[in-house]
Amino acid sequence: MAGVVPRLLLVLLFSVITQFPLLARSSSLDLQITNAECRIDLTSQIVKVFLTLKVENTGTSPASELLLAFPPRQVDRLALVKAACTVGKKKKKTYVPLEVKPTELPDAPNDTKLFSILLLNPLKTSETATVEVLLILTHCLEPFPAEISQSESQLVYYHDSAIILSPHYIKQQTTYIKTPSTKVESYTRVEPTNHAGTQIIYGPYADRPPYSFSPIIVHSENNSPFAVVEELVREVEISHWGSLQITEHYKLAHAGAHHKGVFSRVEYQSRPSISGVSSFKHLLARLPPRVHSVYYRDEIGNISSSHLRGDSRKSELEIEPRYPLFGGWKATFVIGYGLPVEDFLFESPDGRRYLNFSFGCPVVETVVDDLTIKVVLPEGSQDPTAVAPFPVDQHLETKYSYLDVVGRTVVVLKKKNVVPEHSSPFQVYYKFNPIFMLAEPMMLTCVFFLLFMGCIAYLHVDLSLHK
Amino acid sequence: MAATDDAKAAPLRYAFGNVLSFFILLLIGILAFSIRLFSVIKYESVIHEFDPYFNYRVTQYLVRNGIYDFWNWFDDRTWYPLGRVIGGTVYPGLTLTAGTLWRIFNSLNIPLSVETVCVFTAPIFSANAAWATYLLTKEVKGTGAGLTAAALLAMVPSYISRSVAGSYDNEAVAIFALIFTFYLYVKTLNTGSLFYATLNAISYFYMVCSWGGYTFIINLIPMHVLLCIVTGRYSSRLYIAYAPLVVLGTLLAALVPVVGFNAVMTSEHFASFLVFIIIHVVALVYYIKGILSPKMFKVAVTLVVSVGLVVCCAVIAVLVALVASSPTKGWSGRSLSLLDPTYASKYIPIIASVSEHQPPTWPSYFMDINVLAFLVPAGIIACFSPLSDASSFVVLYIVTSVYFSGVMVRLMLVFAPAACIMSGIALSGAFDVFTRSIKFQLPGISKNSTLDAGDTGSATAVTHNNAVKTEKKEEPAKDRPLRKNRKKEKEHVEKASIKSRIEKQLLVLPLEASIIAIFLLVLLGAFYVVHCVWAAAEAYSAPSIVLTSHSHDGLHVFDDFREAYAWLRHNTEVDDKVASWWDYGYQTTAMANRTVIVDNNTWNNTHIATVGTAMSSPEKAAWEIFNSLDVKYVLVVFGGLVGYPSDDINKFLWMVRIGGGVFPHIKEPDYLRDGQYRIDSQATPTMLNCLMYKLSYFRFVETDGKAFDRVRRTEIGKKYFKLTHFEEVFTTHHWMVRIYKLKPAKNRIRGKMKKTKSKTSSSSNSKRSGTRKRNPWH
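Line by line, the protein sequences are chains U and W. The first sequence begins at 1 in the working numbering and counts up by one. The second sequence begins at 468 in the working numbering and counts up by one.
Just chain U, with the same shape it has in the complex (with noise of 0.2 Å):
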C-alpha cells in the first residue's frame, strides 16, 4: 500500500508539471524558507547533512518548485541528494520522495550549482510545506595537519557555510554541527554560536537575502577510518546452473592524514589507545545471506586473516587487510564469493529473466571513487539493458570465459563516488534460451566421441605401405 500512494502522487504530479512548465519555473522565487534547519553530521568521512526546511509560497501563482544551491567545490563532493516531504498528521506521518535534478539558473552567481526538488503538489499563495534534504558529501574533511607521527590523533577541517546557501529568502535558520569526539581544536563564530560536547550551534540567524553565505571552518579531532576504496570492480558472472559468481576488485586507501617518519609495531602492539588512532585493520563486508565459497587474496596469495559469520538474513565477512592502514598507506585485495542462482535471478511476466542485484560496496563505511558493476550473462543472452535507480554509465562488452565460442555478453555500469546509501538494488534484464545452457556439456561429449573414434580408427587402420 505504502508503495502505491507515492507513486500515484508523482503520476499526478507530472502531469500537473507538464501542463504548467512556464509557470512553475517563472514562479519558483516566489518561494520562501520561513524555517530551516540544518544538522551535519562529521562523525565519519561521509558527511551527512541533513536539512528540513519550511516553505511558504510569498508569491502570487503557485509553485512547484524548491531550489537547493551549493558552491562549486561542494558539488563534486555532493555524493547523493535525496529529498522528501511529509505527509500526514504526526501519527501517520510518512515520508514521500521527491524528484531532485540539477538545474540552472541565469542570475546563480559565482558558479553555483542548483538542484530543484519538485514538490508534490504546487504550492499555492501563502500555503506552506515541510521538505527534508539528505545530502551525502564526500572527501570534505581536509586532514591538518596533513601528515602526523604514529601516535598523534587526526585533525580534520570541515569548511561550509553557517547559513544555507540557497536562492531562496530565508526568515530564520539554525545550523547544527556535530563532531565526532569532544575535543574541537577551534571553530569560526559567527554569532550567535555555541558550543557544548559534541555540537556546535549556529544561530538561530534571521531574515537573510538569497545567496547569502557566511563560510566557517570547524577543526576538530575525527579518528574514524577513513577507508576509501579508490577502484572497485565487481564482476557478478551469471550461471543458469545454480551459481552466481561473484569477484570483487578492490584498491583500497587510507585517505586521512598522511602517516610520517617511524612506524614501529612495538608502540603499536603494546599501546593501541594512543598509537595509530587514526589507522584501521579491520574491514566488514555485508554480504547476502546463504554465500559459499568466498575468498580474500591478493596479487600474491591467499590473505588468511579473514572471518566469516552468517545466519539466515545476512553474512557478515570480516576481513583484515595484510597490515593495519596508516594514513596514505594502499592495499589492494580481491574477494569473490558465490551465492545461489535463485535468490537474486527472476523471470519477469514477458518472458525476460532480470537479475536483482544490489549496487554499491558491500564494505561498510566505505567511500568509492570509481565504482564498476560488471554483470556477465550467460552465453547466448540477448537484449540486456540494466536498470538502476539512480543515474550510471553503462555499455556492453564480451568476455570469453569457460570454453566460450561466440562469448558472453557484459553490462557494465559505472558510477563515481559512491556511498553506502547507495546499496539499493539494481536489475539487468535479458532473453535467454534455455538450450543455450547444453551448449558447453554438449561441445565436450562430442570432442570426446571424436576422440575416443579417432582412437578406434588408429588401430583399425593400418596405414603400413608393405603388407
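Bear in mind the hints are in silico, worked out from the structure with no lab data behind them. Where hints are given, some of them may not hold.
Unchecked claim - Facing chain U, according to a computed beta carbon distance under 7 Å, are these residues of chain W, among others: (1) Val513; (2) Phe572; (3) Ser574; (4) Asn576; (5) Pro578; (6) Val778; (7) Asp1020; (8) Asp1026; (9) Arg1029; (10) Glu1030; (11) Ala1033; (12) His1037; (13) Glu1195; (14) Val1196; (15) Thr1198.
Said to hold, decoys possible - Ranges of calculated distance between the beta carbons of each label pair, as one might list FRET restraints: (16) W:Ser1016 x U:Leu444: 41 to 49 Å; (17) W:Val1024 x U:Ile435: 42 to 50 Å; (18) W:Asp1020 x U:Glu147: 33 to 41 Å.
None of the values given here were measured: they were computed from a predicted structure. For every residue, glycine included, the Cβ atom is placed at its ideal position computed from N, Cα and C.
We have chain U already, so just place chain W on it with the hints.
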C-alpha cells in the same frame, strides 16, 4: 589389441593386458599428480620458496610481452645498478613450457591465471615423468618392471620434494626430460631407428633448455657408448644412437642462449666429442675389417695405429694447452665442486652457503628414497642377468648418480629415477619368480591367477603390476632386427617366448615361501607408500613463505613475508631500491615489484660481498655503502620473537665470510668469541655494533622487557641502542620481517661545520681515503 579376430583366448588376454596396463598408467599419472596436491590443500595454491618466484615472474613477462621480448629482456629491477640479461642467462625450458600451456588453455577460452598454470606445471610433469619411466624401464626389462618403476617414481619423496604443486622450478620439468631422453636413447639403441635418434636429439634439446643438469646426460651417454665399445658391444645401432645425438644435440644446445658456445667450449662437453671421435674410429675399423682379409687387416691396423697415435697426441696436446690456459680448467664452479667435493668449501663460499649444495647425510637417503635403497642392489643384479645394452646403461646410470647424490644433496633428484627403475626391476623380477612358482604348483588355478592377483592387490599399484607382468613379460634382450610391422610381430614373438619360457626356465620355489615372500613384498610396498604419503603431506608441502604452527588454540598462521612484500609493493615508490640478503631477492622482485641489489641468481660475487660487507659493518659505514648503491630500504628477516630459525642472524656468518672474501677488512674472527658465534653478552663488540645485529634487535627489548631471543635461546647482548642513520618504517605482525629506511644525509649546520672543519682539516684527507678503501663504491 587389434588382433582379436581369430577368436582365440590368448590375443584377447593380450588386449586385456594392454588395456589394463593403459589404465594402470593412467592411475599412476593421477597418483603422481594428486600426491603433489597436499600443498594446495593444506596451504593454498601459491608459488613456493625462492627460485620458483623468479620463474613465475619470468613466465609472467613471457606471457605479457611475447617470446621475442623475452629473449631480449634486460631486467633492470635486479642487481642494481648492473641489471641482468634474463633472456640470455636463464634456462628457458620451464618458462616456455608453462607459457605454452597457458596459451593453449587461453586459446580454448579456459581462463586460468598464469599463477595457476605455474603452480600445477610441476605435478603435470611428474605424471609425465612417471610415464617416461615406464617407457624407459619397459625398454630395459619389460612392461611389468616398467609399471612398477613408474608407480615407484610417481611417489618417490626425493622427486616430490622438488615437484609439489607450487614448486615451480626447473627440476620439475627437467627430470621428465632427463628420463625421456634416456628412454629415447635406449629405444634407439634397441631398435636402431633413426626416427628415435632424431627424437632423442630433440628431447635432449628440451633438457638443455630446462636445466643445467643436462651435462649429466651428455657425459653419461658417452660413458655408456665407451663402455659398450670397450666390452665389444659395438653395433650399428649404437652408432645410430650416439652420432646423431652428438651432432644434432650439440647444434640444438648451442641455440639456447644460456648455453651458446659453451656447448663446444667447456670441459663438460669434451667427453662427448672424444667418444664421438672414438666411435667413428671404431666404426671405421669395423668397416675395414669387413672388406679386408684378416691378413691385410693386421697390416692396416699397425699402419693406422702408428699414424693415429701421432695425430692423437698432437690433438690432445693442443687441447690440454687450451684447457690449461683457463683458470678453472674449463670447468664451471658447480661442476668442479661435483668432481672435487671439497672444492666449493675451499674457494667459493657462495656455492657452499646454499644448503642444497651440501653433501647429504645417511638419514636423508632413507628419507628421500626409503625402501628403494634396499631394492637397488637387487635391481642391479637383475640387470646383469642377462646384461643387454639397455640394462648396462641403467646400471651405469645408477652408479654415476649414486656418486653425484653423495656429493650434493640436490642431485639426489637425479638418483631417484635410477633408484626407482632399479627397484622396479627388482620388485617385478621378484614378483615374477614368486607368482610363477605359485602358478606352477597350483596348475588348477593357473588360468585365473591373473585376475586374482589383480583383484587382491588393488591397494598398491605395485601388486597390480605383477598381474600384468607375469602374463606378458617381454623378452628382455632386445637384440632384434629393426621391426617394420611392430605390432603383429611383437605378439608372435611374445607368444612364443612365453610358451618356451614356462617350460625352459623354471625357478620354482616352495609354495609357502612364495606366498610369504609376496606378502612381505606387498608389505614393503605398503611401507613405501605410507612413507611417501607422509613425506608429501608433512615434509615437503610447506610453501615456506607462509608458516603455520599448531598451538593449543588451533592453527596459527605466520604470513609475515607476504605482509612485508605487500607493504613494500603498495607503500613505496616504484623505483625504490631495497637491499636485503640475496635469499630474498627473487621474492622481493616478484612479490613486492621493487628493485633489489642482489638476488638468488648469485652471478656476481663482488656485489653480494658488498651487501654482506654493509650488513657486517657498523651503522655509518653501512649507510655509506647503501647510500652509494641508491638503496632506500633495507629488509632484514628476524626470527627471534617467534622462533623462526632460518633468519638473517643465523645466516650472518655467511655474510661475513662472503663479504670478507672480497673486502679483507671484514674478518670472521672479529665476530666470533673463542671461535663461537654468539649474540649474548659475551659477543664481540664488532658483532654487537654491526648493522645486522642492530636492525634485527632494534627495540626488541620492549617486547618482553628482557630481550630473549627464541631462536638462539639467550638474552641478547646489547639491549638498548638507537639508530642514527636508519629508521624503522615497517615491522610485520610477528616481527619476522623488518624494513628500515635510510635517513637522508643530515644538513650541515653552518657553525658546526666551521668548527669541525677547523678541527679536522688536517686529518680529513687521511680519513676520507680510509673510508674510500672501506667503501667499494666510492
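Comparing the hints with the structure gives:
Given hint, W:Val513 at the interface with chain U, holds; its Cβ is 4 Å from that chain's nearest Cβ, closer than 7 Å. Taking 7 Å as the C-beta contact cut-off toward chain U, the hint placing W:Phe572 at the interface is violated, the least distance being around 10 Å. Because the smallest distance between the Cβ of W:Ser574 and any Cβ of chain U comes to about 10 Å, over 7 Å, the interface hint for this residue is violated. Contact between W:Asn576 and chain U, as hinted, is supported at the beta carbon level, the nearest pair being about 4 Å apart and thus within 7 Å.
The interface hint given for W:Pro578 holds, since its Cβ lies 6 Å from the closest Cβ of chain U, which is under the 7 Å cut-off. With a cut of 7 Å, the hint placing W:Val778 at the interface with chain U is violated, because the nearest CB-to-CB distance is about 45 Å. A hinted interface residue such as W:Asp1020 counts as satisfied when its beta carbon comes closer than 7 Å to some beta carbon of chain U; here the least separation is about 15 Å, so the hint is violated. Interface restraint check for W:Asp1026: the shortest CB-CB distance to chain U comes to about 5 Å, inside 7 Å, so the restraint holds.
The interface hint given for W:Arg1029 holds, since its Cβ lies 5 Å from the closest Cβ of chain U, which is under the 7 Å cut-off. Here the hint on W:Glu1030 is kept, as its CB sits about 5 Å from the closest CB of chain U, short of 7 Å. The interface hint given for W:Ala1033 holds, since its Cβ lies 5 Å from the closest Cβ of chain U, which is under the 7 Å cut-off. Interface hint status for W:His1037: upheld, as the beta-carbon distance to the closest one in chain U is roughly 4 Å, under 7 Å.
For W:Glu1195, the suggested interface contact is upheld, since its CB lies about 5 Å from the closest CB of chain U, less than 7 Å. For W:Val1196, the shortest C-beta to C-beta distance to chain U is roughly 6 Å, which falls under 7 Å, so the interface hint holds. Residue-level restraint check for W:Thr1198 holds (minimum Cβ-Cβ distance to chain U is 4 Å; threshold 7 Å). At roughly 44 Å, the beta-carbon separation of W:Ser1016 and U:Leu444 lies within the given 41 to 49 Å, and the hint holds.
For the pair W:Val1024 and U:Ile435, the beta carbons lie near 47 Å from each other, so the given range of 42 to 50 Å is met. The beta-carbon spacing between W:Asp1020 and U:Glu147, approximately 39 Å, falls within the hinted interval of 33 to 41 Å.
Taken one by one, the earlier hints fail for this structure at numbers 2, 3, 6 and 7, listed in ascending order.
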